[in-house]
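Trainee: Dock chain R against chain S, hints included.
Listed below are the residues making up each chain.
Protein chains: 2
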Amino acid sequence: MSLLCIGTLAYDTIETPTDRRERSLGGSATYFCVASASFAKPRLVGVVGTDFADEDRQLLIDKQVDVEGLEVAEGETFTWGGRYEADWNTRHTLFTNLNVFEHFDPKVPDSYKDSRFVFLANAHPAIQLKALLQVEKPEFVVADTMNLWIDIALDDLKALLQNIDGLILNDEEARMLTGEANLILAAKAVLTMGPKYVILKKGEHGAFLMSENVHFSLPAFPVTQVVDPTGAGDSFAGGFMGEIARAGNIEPGTLRRAMVAGTATASFCVQGFSLEDIGSRTDAQIEARIQQLLEIVTV
Amino acid sequence: MSLLCIGTLAYDTIETPTDRRERSLGGSATYFCVASASFAKPRLVGVVGTDFADEDRQLLIDKQVDVEGLEVAEGETFTWGGRYEADWNTRHTLFTNLNVFEHFDPKVPDSYKDSRFVFLANAHPAIQLKALLQVEKPEFVVADTMNLWIDIALDDLKALLQNIDGLILNDEEARMLTGEANLILAAKAVLTMGPKYVILKKGEHGAFLMSENVHFSLPAFPVTQVVDPTGAGDSFAGGFMGEIARAGNIEPGTLRRAMVAGTATASFCVQGFSLEDIGSRTDAQIEARIQQLLEIVTV
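Sequence order for the protein chains is S and R.
Numbering-wise (our numbering), the first sequence opens with residue 578 and increments by one.
Numbering-wise (our numbering), the second sequence opens with residue 578 and increments by one.
Just chain S, same shape as in the assembly (with noise of 0.2 angstroms):
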């Protein structure tokens, strides 16, 4: 079924704490259409600026993303630059040149107004609202922010939360938005304030769903060899996202499903810089983590 998936694209400079790479692809957008393409064909709205280099494009035409709502702008594409601490945990921003994305105005083409799940990637929540409105009946809207946006755009973030079904965070964001400690009760907080459905991310220690009637929460997939954290939330969005999608429905067991389908595709992204690991598997070796995290996981 139909999946649309707003948010940016950028080139990134990484530090770990053994290796550097400079203009990586990146972006919330295009980890999460990578991620997703090996369950459902997701268009993407985006911006790049004149920079934006043919085979970039070409990977997610290959990956089959519809990219009929990448816009590219006059100027450079946003860049983002970040290092890791020897924990891998712990993440500090070196710069942010917004570049094309600072104007960017989105639009829905009108063969993606149909689009029956959306995903709304980090970006401002102005920015996330304004091109949710261009859909026309979205069946689950599910969203992802940031600390920044719930330090400087608190209001715009509380009218696009009254707006979705989901909310995808992570613990030091829901800690942040809620001010409980306690990640049960920032959860619990996250669904009185519009989301029907608050999925809390906790890195390595898995993450868990939370509704009314739903409570499923998953241990990360054991990943040995962390090289990149950057884009693990993404992909883990485009897993849960794209099986969804795949499955047309939102059940509580589809899910659940999702969740797994979202950690196990997080994991590979993890183990590679950039798209370098999950932009090169195969929708079998996608399905068969799948198989092994539901394997570790089965009671």
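Hints are not guaranteed to be accurate.
Here are the simulated BS3-like pairs of lysine-lysine, each with C-alpha atoms no more than 27 angstroms apart in a straight line [stated by the list, open to error]: (1) S/K714 to S/K684; (2) S/K690 to S/K765; (3) R/K779 to R/K735; (4) R/K779 to S/K779; (5) S/K690 to S/K618; (6) S/K690 to S/K735; (7) R/K779 to S/K765; (8) R/K707 to S/K779; (9) S/K707 to S/K735.
Listed below are several chain R residues computed to face chain S (Cβ distance under 7 angstroms; list not exhaustive) [claimed, not checked]: (10) L762; (11) H782; (12) G783; (13) H792; (14) P799; (15) R833; (16) V837; (17) V876.
Honestly, the hints are just simulated from the structure, not real lab data.
Backbone N, C-alpha and C fix where the C-beta goes; we use that ideal spot for every residue, glycine too.
Mentor: Coordinates of chain R only, in the frame set by chain S:
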């Protein structure tokens, strides 16, 4: 089937961010026996002083713990004091008075020598081994340890590891024992040191079990209000070994269910000071929590 536990009985002084208790009944064997009592009638080997209260002995007897191996020695019972930081994960030891435990020479009663399942609760590894060697033909022996013994009695601990089937330890201890930061690699390293099974506990992030033929990972039960984490690890071990003793085998399916039993049991422990919560639970309440946890983790 017969389950034997060797470990400490203590009076604890506990300071949490919100409360304080003096001379609460504690100790590794105490928590283990109370937690395992819903699954199997545990046999206890330990020592207390002449100050050990009749009501505390009665609590163990009421829980169907076999106290034939509980020695009363001239002097005071082991006392321990600890303080928890606001994050609940950081614990400072305020004092440790071994008292009668200092010269404890464990004696396994003849009636216990046919025990099939043995848990060596946290104690000096030389004492753990001395007790173990008195058991005739144990089928499955699991030991707990702590950073103190890794630090000051590593050779004794390594000798113990050659004589047990499973080691249960937390994330910090696993990293300290093996030098591996990644917990999967740390668990694999433990498996090269003697034990065929390693159970690695991650506190609020759950636990996993690893052996050559089983890898099972489980999130923690979602507790919304932690009152006192003391004894959670021993309670986990109690539920884990209790379920194995109840089943009478170590088939992969039993080990998985044992992890669920341990997780559910530990979740009661942290909800109250000392044995206040876990000591008051009925078998039906424990079974209900196991079912609740299964609901949360089943895909």
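Trainee: Each hint: holds or not?
Mentor: How the hints compare with the structure:
Distance check on the hinted pair: S/K714 and S/K684 sit about 16 angstroms apart at the alpha-carbon level, within 27 angstroms; holds. Taking the CA atoms of S/K690 and S/K765, the gap is near 32 angstroms; set against the 27 angstroms cutoff, the hint is violated. The suggested pairing of R/K779 with R/K735 holds, with an alpha-carbon distance near 23 angstroms, which does not exceed 27 angstroms. Pair hint R/K779 plus S/K779 holds up; C-alpha atoms about 13 angstroms apart against a cutoff of 27 angstroms.
About 15 angstroms separates the Cα atoms of S/K690 and S/K618, which keeps this hinted pair within 27 angstroms; it holds. With a CA separation close to 24 angstroms, the supplied pair S/K690 and S/K735 stays within the 27 angstroms bound. Between R/K779 and S/K765, the direct Cα distance comes to roughly 23 angstroms. Compliance with the 27 angstroms bound is thereby established for this hinted pair. As the CA atoms of R/K707 and S/K779 are separated by approximately 42 angstroms, the hinted pair breaks the 27 angstroms bound.
Between S/K707 and S/K735 the CA atoms are separated by roughly 14 angstroms; this keeps the pair inside 27 angstroms, and the hint holds. A least Cβ separation of about 6 angstroms between R/L762 and chain S falls short of the 7 angstroms threshold, and the interface hint therefore holds. Of the supplied interface hints, the one on R/H782 holds, with its beta-carbon coming within about 4 angstroms of a beta-carbon of chain S, less than 7 angstroms. Against a cut-off of 7 angstroms between C-beta atoms, the interface hint on R/G783 holds, since the closest Cβ of chain S lies about 6 angstroms away.
Given the 7 angstroms rule on beta carbons, the hint for R/H792 holds: about 5 angstroms separates it from the nearest Cβ of chain S. With a least beta-carbon distance of about 4 angstroms to chain S, the hint placing R/P799 at the interface is held under the 7 angstroms criterion. Hint status for R/R833 relative to chain S: holds, with the closest Cβ pair at about 5 angstroms, below 7 angstroms. Interface restraint check: R/V837 against chain S, minimum CB-CB distance 6 angstroms, threshold 7 angstroms, status holds.
Taking 7 angstroms as the C-beta cut-off, the interface hint given for R/V876 holds, the closest approach to chain S being about 5 angstroms.
The earlier numbered hints that this structure contradicts are 2, 8.
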